[in-house]
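Q: Chain order of the listed sequences is A and B. So the first sequence is numbered by the numbering used here: it starts at 51 and just counts up by one. So the second sequence is numbered by the numbering used here: it starts at 51 and just counts up by one.
These aren't lab readings, by the way, just hints derived from the structure by calculation. Please note that a few of the clues may not be correct.
Said to hold, decoys possible - With a cut-off of at most 30 Å between alpha-carbon atoms, the simulated DSBU-like pairs for lysine-lysine come out as follows:
(1) A/Lys139 to B/Lys254
(2) A/Lys139 to B/Lys174
(3) A/Lys138 to B/Lys174
(4) A/Lys199 to A/Lys104
(5) A/Lys174 to A/Lys199
(6) A/Lys296 to B/Lys254
(7) B/Lys199 to B/Lys104
(8) A/Lys174 to B/Lys139
(9) B/Lys296 to A/Lys296
(10) A/Lys110 to A/Lys86
(11) A/Lys139 to B/Lys139
(12) B/Lys254 to A/Lys138
Claimed, not checked - Negatives, chain A to chain B, calculated, CB over 10 Å:
(13) Gln75
(14) Arg102
(15) Lys104
(16) Gln125
(17) Glu151
(18) Ala155
(19) Gly188
(20) Glu196
(21) Leu204
(22) Ser269
(23) Pro272
(24) Arg276
(25) Thr279
(26) Ala283
(27) Gln289
(28) Asp294
Ideal placement from N, C-alpha and C gives every residue a C-beta, glycine not left out.
2 protein chains.
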Amino acid sequence: MAVLSRLYTDHPLAQGHNIPLERDQAHYLFGVMRRKLGDEVELFNGRDGEWRGKVVHANKHRGILEVTHQTRPLQMPPDLWLMFAPIKKARTDFIVEKATEMGAARIVPVMTEYTNSDRVRQEKMQIHAVEAAEQCGGTYVPEVAELQKLDRMLDNWPDGRQLLFCDEGLIGRPTGLDQSKLTAVNKTGPWAILIGPEGGFSEKERNRLASLDFVTTQSLGPRILRADTAAVAALTLWQRELGDWK
Amino acid sequence: MAVLSRLYTDHPLAQGHNIPLERDQAHYLFGVMRRKLGDEVELFNGRDGEWRGKVVHANKHRGILEVTHQTRPLQMPPDLWLMFAPIKKARTDFIVEKATEMGAARIVPVMTEYTNSDRVRQEKMQIHAVEAAEQCGGTYVPEVAELQKLDRMLDNWPDGRQLLFCDEGLIGRPTGLDQSKLTAVNKTGPWAILIGPEGGFSEKERNRLASLDFVTTQSLGPRILRADTAAVAALTLWQRELGDWK
């Protein structure tokens, strides 16, 4: 079976609209994928669901798609943030990709005491999230936030949002969420997941997190997980118990 | 804090034993990590737990470690196989790494109807599992099996082993294991997880799997997951409900 190319666009999507292609999209569609006039493409913009587009103008550096019909409605993920301490480039890209596939609504790189990297290529991470959504068939693209200090984020924590703190210090403890702490509101309200850097959290950070009433601590089994593995595992547990995998 | 280097060795580990280093281990320890006589190293062999070793001989291409004392017992993972259809090299390596971290006992590459790759570098995958165990602090290294045909494996399926079949065709169904099908024996007995190739399973394969009484089908949420993401998510669900994360 032929697989349709799938493109993200900033433009509004509705029947009859014409969507101009970016230069690299035109290169990809016509140069790499050899699409021709009349060929179909899947389109999404993170807001209007998924639509079918037809090539109505094509040359090497430009092209126009005409939007024909909607193929899927917008599927919003739950209101879940993934907070993580940036690590090496390849693994940071991986975390962004996995967070997109696993249905995080927002990706927040945070500086912790043991974070090695204080430079985050936010724009590149956002492009990576778009590519991940293109590939995994998503209709939504999580926003990648600017790098923030963990301490400052906790100082200004938004009312009503719960935080699932994945603590390497808990290795070997039971891994189910302690739902006894959660009220009906917490179960359906907004959440965030916090994954630590390779060196773990500092004692000071762990103590502060443990003392906050919006924090639930969570063990991720008896083995040490890399940050990218921990992200997928934590997102799985959360989606399964509180999110849209229920 | 200084982090100890961690090495896998084929040799038996017990107090007073001398462990000769491979050429690349000597290069890594003395050339890259600048370890000197008397420096300590962590050692494991997948059988005897984790031991502390001390450098008692070092030159550019050779070295000997003396085993001083045990630091951790062997921690066996549950009797769980991860079966997956090989994909591109980088993602296949990733699946091997993640299966090691997440506590699979055996990794089995399988050929399915839609598997693109019929060549598997089994030896390189095994080396990758060793490196993953070195990095994640594991004391056990999963065995990487030879590439096998899915059909033939199902023909000769071992008595008493259950198979968790992660079926992309179930997208959107509830993701909890249907434990009503599982007896007390199944809950503690050996298992395997089967992850599909990028193109999914064929209709014929899906029908056959659904008809087998040792198979439990499992959905992995409402979004399409890449094979490597699906592997971590399925291992998380299994470890949480039936394995050593309980």
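Q: If a hint holds in the structure, say so; if it doesn't, say that too.
A: Now for the hints, and whether the structure bears them out:
no., hint, verdict
1, A/Lys139 to B/Lys254, "violated (41 Å)"
2, A/Lys139 to B/Lys174, "holds (24 Å)"
3, A/Lys138 to B/Lys174, "holds (23 Å)"
4, A/Lys199 to A/Lys104, "violated (45 Å)"
5, A/Lys174 to A/Lys199, "holds (20 Å)"
6, A/Lys296 to B/Lys254, "holds (28 Å)"
7, B/Lys199 to B/Lys104, "violated (45 Å)"
8, A/Lys174 to B/Lys139, "holds (24 Å)"
9, B/Lys296 to A/Lys296, "holds (19 Å)"
10, A/Lys110 to A/Lys86, "holds (11 Å)"
11, A/Lys139 to B/Lys139, "holds (18 Å)"
12, B/Lys254 to A/Lys138, "violated (42 Å)"
13, Gln75, "holds (22 Å)"
14, Arg102, "holds (18 Å)"
15, Lys104, "holds (24 Å)"
16, Gln125, "violated (7 Å)"
17, Glu151, "violated (5 Å)"
18, Ala155, "holds (13 Å)"
19, Gly188, "violated (6 Å)"
20, Glu196, "holds (26 Å)"
21, Leu204, "holds (25 Å)"
22, Ser269, "violated (8 Å)"
23, Pro272, "violated (6 Å)"
24, Arg276, "violated (6 Å)"
25, Thr279, "violated (5 Å)"
26, Ala283, "violated (4 Å)"
27, Gln289, "violated (6 Å)"
28, Asp294, "violated (6 Å)"
Checked against the numbered hints given earlier, this structure breaks hints 1, 4, 7, 12, 16, 17, 19, 22, 23, 24, 25, 26, 27, 28; the rest are met.
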